[in-house]
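Q: Produce the entire structure from the sequences given, and follow the hints as far as they go.
Protein chains in written order, with our numbering: chain A, 11 to 123; chain B, -4 to 137.
Treat the hints as calculated values from the structure; they're not laboratory data.
Because the structure is a prediction, the values reported are computed rather than measured.
Treat the hints loosely; a few may be bogus.
Covered stretches of chain A (chain B as the covering partner; in silico rule of three or more C-beta atoms under 8 Å from a C-beta of chain B) [what the hints assert, rightly or not]:
(1) 53 to 60
(2) 101 to 110
Here chain A is said to cover these stretches of chain B; the calculated rule only asks that three of the stretch's residues, wherever they fall, bring their Cβ under 8 Å from a Cβ of chain A [said to hold, decoys possible]:
(3) 9 to 18
(4) 92 to 106
Note that beta-carbon positions come from the ideal geometry of N, C-alpha and C, so glycine has one too.
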Amino acid sequence: MTVVDDRLDATFAALADPTRRAILAHLATGDATVNELAEPFDMTLPGISKHLKVLEQCGLISRTRRAQFRPCHLERERLDAAADWIETNRRIWAQRFDKLEAHLRDIQDTGHG
Amino acid sequence: MAELTYTRVFDAPRELVFRCMLEPGHLTHFWGPAGTSTPLDGITVDPRPGGVFETVMINDADGHSYTMRAVYTEIVPPERIVWSEPGSGMITTSTFTDLGGTRTEVRIHQADVPDSFRSPGDQARFLTSLDRFAAYLETLVS
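A: So, in structure tokens, the structure goes:
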């Protein structure tokens, strides 16, 4: 339930950076080269490459080895895993709160009765 | 470096809601999410900094159990309870706010903090709100 595997930790750490989120948003519209990804940012190519390396290491993106410009590709399964974990955790607390609400009602009714 | 917050307002006095989160006799009634139960003999509460907080949640359908192992790091009645889960590095802070009358707000704040960012100041600087980000993720993956 609140078990966080190492890879998920790395995923959340990668997602905690606004530049990397913007890169992922760009890749959600289709594969792109490093040059294309660097365009909207006031950042050097090595700077962007550093971000891409972080995203690649946690599995959020992949890069083809063969093509000359090595386009980046969004790995949606990793994003799904992160979103699933957040959703599961949110649901656990929502259900726990529902039960606590009922329990508080029960014991207060008893107390007053 | 992830952060999640859940808030709910309960129609009960703050002292009572606080006790519910700290006493096994209360926790057994609500700790397990829907479809699970948390038997009294599977709950360990040693309410002091460094004390153990363990719960065994059992899946009603297949009998599988899940054990949460945590250690309390701060207990301030009736305002705040903080525990950390050594296995995942997750820190959970429960804050109880008296809203007047008999209403109490409970705020659960969960942070998954790397060892190098343990101080409160560092946490504040480095944490990123993930519950807002969950909605953002959905727009990306849909």
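Q: Each of the hints needs a verdict: does it hold here or not?
A: Against the structure, the hints:
1. 53 to 60: Since 0 is below three, the answer is violated.
2. 101 to 110: holds (count 10)
3. 9 to 18: Three-residue rule met by the segment 9 to 18 of chain B, so holds; n is 3.
4. 92 to 106: Since three or more residues must qualify, the claim that chain A covers the segment 92 to 106 of chain B holds, with 3 doing so at under 8 Å.
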